[in-house]
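> Chains as they are written, first to last, in this note's numbering: chain A, 289 to 672; chain B, 289 to 672.
Hints are computed from structural coordinates only; laboratory data are not their basis. Hints are not guaranteed to be accurate.
The list treats identical chains as one, so a pair stands whether inside a single copy or across any two.
Claimed, not checked - Dumping the calculated DSSO-like pairs for lysine-lysine here, alpha-carbon to alpha-carbon at most 27 Å:
hint	residue 1	residue 2
1	Lys315	Lys631
2	Lys349	Lys318
3	Lys349	Lys626
4	Lys598	Lys313
5	Lys315	Lys349
6	Lys605	Lys424
7	Lys349	Lys583
8	Lys583	Lys598
9	Lys424	Lys315
10	Lys626	Lys313
11	Lys341	Lys583
12	Lys631	Lys672
This one's a predicted model, so the numbers in the text were calculated from it and none came from an experiment.
There are 2 protein chains.
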Amino acid sequence: MEFREINRAFFNIGNEPTAIEINAKAKALKAEGHPVISLAVGEPDFPTPEGIKEALYRAVKENRTFYPNPRGVPELRDAIAAYEASRKNMPISSNQILVTVGGKPIIPYTMYLLTNPGDEVVLLEPYYLAYPYWVKVFNLKLKVVRLNEDGTIPFDALRASITDRTRLLIINYPSNPTGAMLTHEDMSRLLLLLDEFPSLYILSDEVYSRIIYEGEHISPLPHSPDRIILLESFSKTFSMTGWRLGYGIYPEWMLEYLVKYNSNLLTGPATFVQYAGITALTDPGVQRDVENMVKEFRRRRDYVGQRLEKMGFKFHKPSGAFYYFIDVGMDGMEFSRKFLEEKFVAVTPGIIFGPSFGNYVRISFASSMDNLEEAMDRLEDFLK
Amino acid sequence: MEFREINRAFFNIGNEPTAIEINAKAKALKAEGHPVISLAVGEPDFPTPEGIKEALYRAVKENRTFYPNPRGVPELRDAIAAYEASRKNMPISSNQILVTVGGKPIIPYTMYLLTNPGDEVVLLEPYYLAYPYWVKVFNLKLKVVRLNEDGTIPFDALRASITDRTRLLIINYPSNPTGAMLTHEDMSRLLLLLDEFPSLYILSDEVYSRIIYEGEHISPLPHSPDRIILLESFSKTFSMTGWRLGYGIYPEWMLEYLVKYNSNLLTGPATFVQYAGITALTDPGVQRDVENMVKEFRRRRDYVGQRLEKMGFKFHKPSGAFYYFIDVGMDGMEFSRKFLEEKFVAVTPGIIFGPSFGNYVRISFASSMDNLEEAMDRLEDFLK
Chain A
289 MEFREINRAF FNIGNEPTAI EINAKAKALK AEGHPVISLA VGEPDFPTPE GIKEALYRAV
349 KENRTFYPNP RGVPELRDAI AAYEASRKNM PISSNQILVT VGGKPIIPYT MYLLTNPGDE
409 VVLLEPYYLA YPYWVKVFNL KLKVVRLNED GTIPFDALRA SITDRTRLLI INYPSNPTGA
469 MLTHEDMSRL LLLLDEFPSL YILSDEVYSR IIYEGEHISP LPHSPDRIIL LESFSKTFSM
529 TGWRLGYGIY PEWMLEYLVK YNSNLLTGPA TFVQYAGITA LTDPGVQRDV ENMVKEFRRR
589 RDYVGQRLEK MGFKFHKPSG AFYYFIDVGM DGMEFSRKFL EEKFVAVTPG IIFGPSFGNY
649 VRISFASSMD NLEEAMDRLE DFLK
Chain B
289 MEFREINRAF FNIGNEPTAI EINAKAKALK AEGHPVISLA VGEPDFPTPE GIKEALYRAV
349 KENRTFYPNP RGVPELRDAI AAYEASRKNM PISSNQILVT VGGKPIIPYT MYLLTNPGDE
409 VVLLEPYYLA YPYWVKVFNL KLKVVRLNED GTIPFDALRA SITDRTRLLI INYPSNPTGA
469 MLTHEDMSRL LLLLDEFPSL YILSDEVYSR IIYEGEHISP LPHSPDRIIL LESFSKTFSM
529 TGWRLGYGIY PEWMLEYLVK YNSNLLTGPA TFVQYAGITA LTDPGVQRDV ENMVKEFRRR
589 RDYVGQRLEK MGFKFHKPSG AFYYFIDVGM DGMEFSRKFL EEKFVAVTPG IIFGPSFGNY
649 VRISFASSMD NLEEAMDRLE DFLK
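Based on the provided sequences and hints, a complete structural model is requested.
This is the structure in structure tokens:
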């Protein structure tokens with residue numbers, strides 16, 4: 289093993305296995321014939337709405353099979369600009385949109401654009417695994433601020449963590465894994481921080497923005513579009529995880545640099561997938577499908593919440609996304625391993641969301657009611 | 289414009305506009321109503337074979353729409369391993385395969401895995417644009433060796449360019465832009481270089497491996513699989529440029545690092561696209577479609593070659609790929625601009641393939657015979 293040749297970036301970050309790797313272990317047990325239920329992966333279990341599939345068939349039949357524009361297919365960028373302008377009640381130009389292979393590339397693209405090695409990035413804990421990965425890859429200094437128990441931001445701690453070398457703060461509301469929403473009060477304070485630190489940018493990861501059960505989704509983007517970058521994805525909203533389609537909304541001047549990077553890296557998502565994305569955003573039937581999915585998620589959320597409460601867990605009920613993030617009162621990795629091995633239910637150890645959450649696990653309710661009922665029965669058994 | 293915040297990697301490398309950007313200018317002229325013919329972009333003009341499209345429809349109908357494994361869909365990796373093992377007459381394990389969004393990501397993935405800032409990468413000129421881009425992004429030292437006029441490797445010069453800090457040599461046969469093939473003699477010498485420099489790896493970009501008119505494609509992979517990385521793509525062979533599907537074959541020990549990188553960056557190509565890729569590799573009807581495409585490319589190659597010869601150009605006739613790379617005896621950028629503006633034919637300035645080729649242009653014959661005839665007539669007019 290020629291480890292001397294391995295770049296630092298390829299080493300583990302924190303206590304992975306990742307959620308996807310845990311799912312792989314669950315799959316292996318399933319392949320051995322065990323009745324595995326996986327509540328470990330962050331994807332809706334619904335098939336992609338039929339209207340989107342039909343749009344894909346049409347696009348392929350029309351031979352939309354040639355290289356896409358590396359900014360994204362123009363008609364899709366227009367559709368995204370119109371869709372987001374309407375949702376956020378602000379002007380958005382197609383020239384601010386970069387279409388990407390899922391939403392994830394926006395994380396490294398943004399970090400790479402705005403930082404040089406040694407600069408600082410602030411994450412709010414619990415955080416999504418890919419954030420600290422790229423902080424490490426780009427040789428940046430990681431600063432972590434633990435969120436309040438209810439998911440709100442502890443502003444004194446956050447402000448104290450920011451210096452003149454801080455280039456980026458990443459926020460994620462509705463939150464994976466807590467389901468917390470951004471409050472108006474927190475948003476106002478974030479805007480004050482941008483005023484106070486003129487070289488700070490905010491990357492706002494809003495991929496769960498349409499999976500909401502209580503209240504409304506608040507995006508800070510309209511209030512400071514020159515300093516905030518939006519990360520969005522078709523994956524969760526439209527049950528399109530495997531389609532690999534997402535986008536960033538950037539201040540317009542950033543685009544020429546990002547396009548060069550994107551173009552030399554991968555060009556973009558499949559052309560016909562981008563055409564199908566237009567239908568996802570604009571078709572009324574698809575919007576009804578999304579409403580129905582959210583309705584079903586709410587039913588599951590309420591059911592799982594009741595069961596967990598009865599088992600004595602304390603938690604904040606998620607207002608968005610599709611996870612419970614609960615303190616299991618013991619090492620969460622150990623808990624997850626045992627629960628999978630003994631009861632064949634996969635959940636995600638909290639440690640991957642940050643070192644403060646060693647005693648937590650994340651339970652996804654993006655699974656059928658039958659699965660959730662059975663999994664909750666097994667959890668009850670497991671705890672006995 | 290906040291240029292102080294722009295990372296060095298986002299600046300231009302060499303004399304771009306890229307091929308894709310030139311194509312955009314051609315599109316703009318076309319939109320204005322001009323009879324534009326683009327011979328500037330590197331993609332087959334054929335529709336994707338029907339069998340591959342059918343496989344895509346099936347995969348979507350079967351709801352292959354969920355997250356793919358970040359190594360690639362296992363059935364596709366098995367198919368790739370079998371296909372390449374048979375073509376290269378060597379054992380290849382699925383555990384050596386990383387499926388990527390087109391072939392391009394293999395360039396940065398490999399560079400990043402094998403290098404640290406300050407290490408050296410050797411390119412053979414003319415080279416593909418994305419190679420020096422990533423050399424610059426990763427803060428590596430670029431060394432360039434100009435190929436002989438017939439596309440063979442000047443070994444004394446190459447050997448003299450390699451030091452103990454040289455981590456990677458990138459080769460590309462059949463060559464874009466010259467259409468030259470790797471010779472047995474050059475391959476043997478490359479293997480000697482690997483013996484002499486134990487920390488050197490070769491990245492072999494073979495995306496045109498099945499678009500061959502004379503001789504046979506020679507891959508060095510079977511002769512030193514521990515030290516050679518293969519970059520392949522479905523784009524050219526199967527006319528699937530817009531599908532964004534490619535792969536790397538790596539020494540097995542490298543995979544765990546690459547998968548982490550790929551997984552945090554973008555997960556992988558669309559799941560249903562990967563299933564369709566299995567059909568591309570294995571379906572007999574698709575293989576006949578490929579043969580027919582190559583037959584048509586050969587016809588066009590011969591036609592364009594005759595016309596160019598008559599106009600007095602000197603060149604080596606391409607044995608593979610689908611380009612003529614010709615010395616136009618004046619600044620190639622100027623030539624390309626004028627030819628597009630006056631005669632509405634887009635070609636690619638040679639300068640993007642390296643500073644030695646300022647007087648060259650690349651002419652793609654991946655366009656219909658009608659287009660090629662008309663374009664050659666216009667070129668003849670233009671030269672008068």
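> Give a verdict on every hint.
Hint-by-hint comparison with the structure:
1. Lys315 / Lys631: within (14 Å within a copy, 59 Å between copies)
2. Lys349 / Lys318: between (37 Å within a copy, 24 Å between copies)
3. Lys349 / Lys626: neither (49 Å within a copy, 37 Å between copies)
4. Lys598 / Lys313: neither (29 Å within a copy, 65 Å between copies)
5. Lys315 / Lys349: between (35 Å within a copy, 23 Å between copies)
6. Lys605 / Lys424: For Lys605 and Lys424, the Cα distance exceeds 27 Å both inside one copy (32 Å) and across copies (48 Å).
7. Lys349 / Lys583: For Lys349 and Lys583, only the inter-copy Cα distance (24 Å) is at most 27 Å; the intra-copy one is 34 Å.
8. Lys583 / Lys598: within (23 Å within a copy, 71 Å between copies)
9. Lys424 / Lys315: Classified as neither; 30 Å inside a copy, 41 Å across copies.
10. Lys626 / Lys313: Result: close within a single copy only, 13 Å intra versus 60 Å inter.
11. Lys341 / Lys583: within (22 Å within a copy, 35 Å between copies)
12. Lys631 / Lys672: within (12 Å within a copy, 81 Å between copies)
Consistency note: the structure conflicts with the earlier hints numbered 3, 4, 6, 9.
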